[in-house]
Amino acid sequence: MTSTVDAASPIIRFPELPSVPWGKNNGRVKEIASGTGWRLSVASIDKPGAFTAFPGMDRITVPVEGELLVLTVDGAEHGMEKFRPFRYSGDSAVEAALPTGPVTVLNTLADRTTTGAAVMVAELSKKNPQTLGSGQFLVLLHGSATVTADGGTATALEPLDTVVGADERPSVLGRGFAAVVSFYDLD
352 MTSTVDAASP IIRFPELPSV PWGKNNGRVK EIASGTGWRL SVASIDKPGA FTAFPGMDRI
412 TVPVEGELLV LTVDGAEHGM EKFRPFRYSG DSAVEAALPT GPVTVLNTLA DRTTTGAAVM
472 VAELSKKNPQ TLGSGQFLVL LHGSATVTAD GGTATALEPL DTVVGADERP SVLGRGFAAV
532 VSFYDLD
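Each residue of the sequence shown is one higher than the last, beginning at 352 in the numbering used here.
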């Protein structure tokens, strides 16, 4: 699985990612990582409106800041609370409503013919590490955590920082919640 991730460091610092305009919702997006058939990003949604369609892709959206996001997908309304992943087709007509104000979301896109994707929100522990293999990413959503890679020293993470999984299996300890995102080839 090819990727735009820097293999030299297991940490992608959120504040260092470039921010670009996104969609019709007057928001901004920061791409965390991408590869052939997949993309992981964080986007702000500042006003109600339509989402951009991504034909042939599957989407998983997780609200990470703000109280409530309501997505209407192909006419069906879905109330989305913080840290609750929601999977839907990128082919679908999607409208966002913001009943309690702006939200920030973690977005996962995967080409449904070549790439699978899964998102699990996990509670972090100070005693039992969350380890990450190749094709996995951990995005700190809330709380505090450290990552250790290659037996080195622990490095602190800030909210929305991302740890990149590898064969050396970096491990994360802490208190709070993180999204563990897995991408895998379907063949």
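Simulated from the structure, these hints should not be mistaken for lab results. Each hint should be verified, as a subset may be incorrect.
Unchecked claim - In the EDC-like style, the derived pairs of lysine to aspartate or glutamate whose C-alpha atoms are separated by at most 16 Å in a straight line are: (1) LYS381 to GLU416; (2) LYS398 to ASP442; (3) LYS398 to GLU418; (4) LYS433 to GLU418.
Small disclaimer: the values here were computed from a predicted structure and weren't measured.
Consistency of the hints with the structure:
no.: 1; hint: LYS381 to GLU416; verdict: holds, 15 Å
no.: 2; hint: LYS398 to ASP442; verdict: violated, 22 Å
no.: 3; hint: LYS398 to GLU418; verdict: holds, 14 Å
no.: 4; hint: LYS433 to GLU418; verdict: holds, 6 Å
When held up to the earlier numbered hints, the structure conflicts with hint 2 and nothing else.
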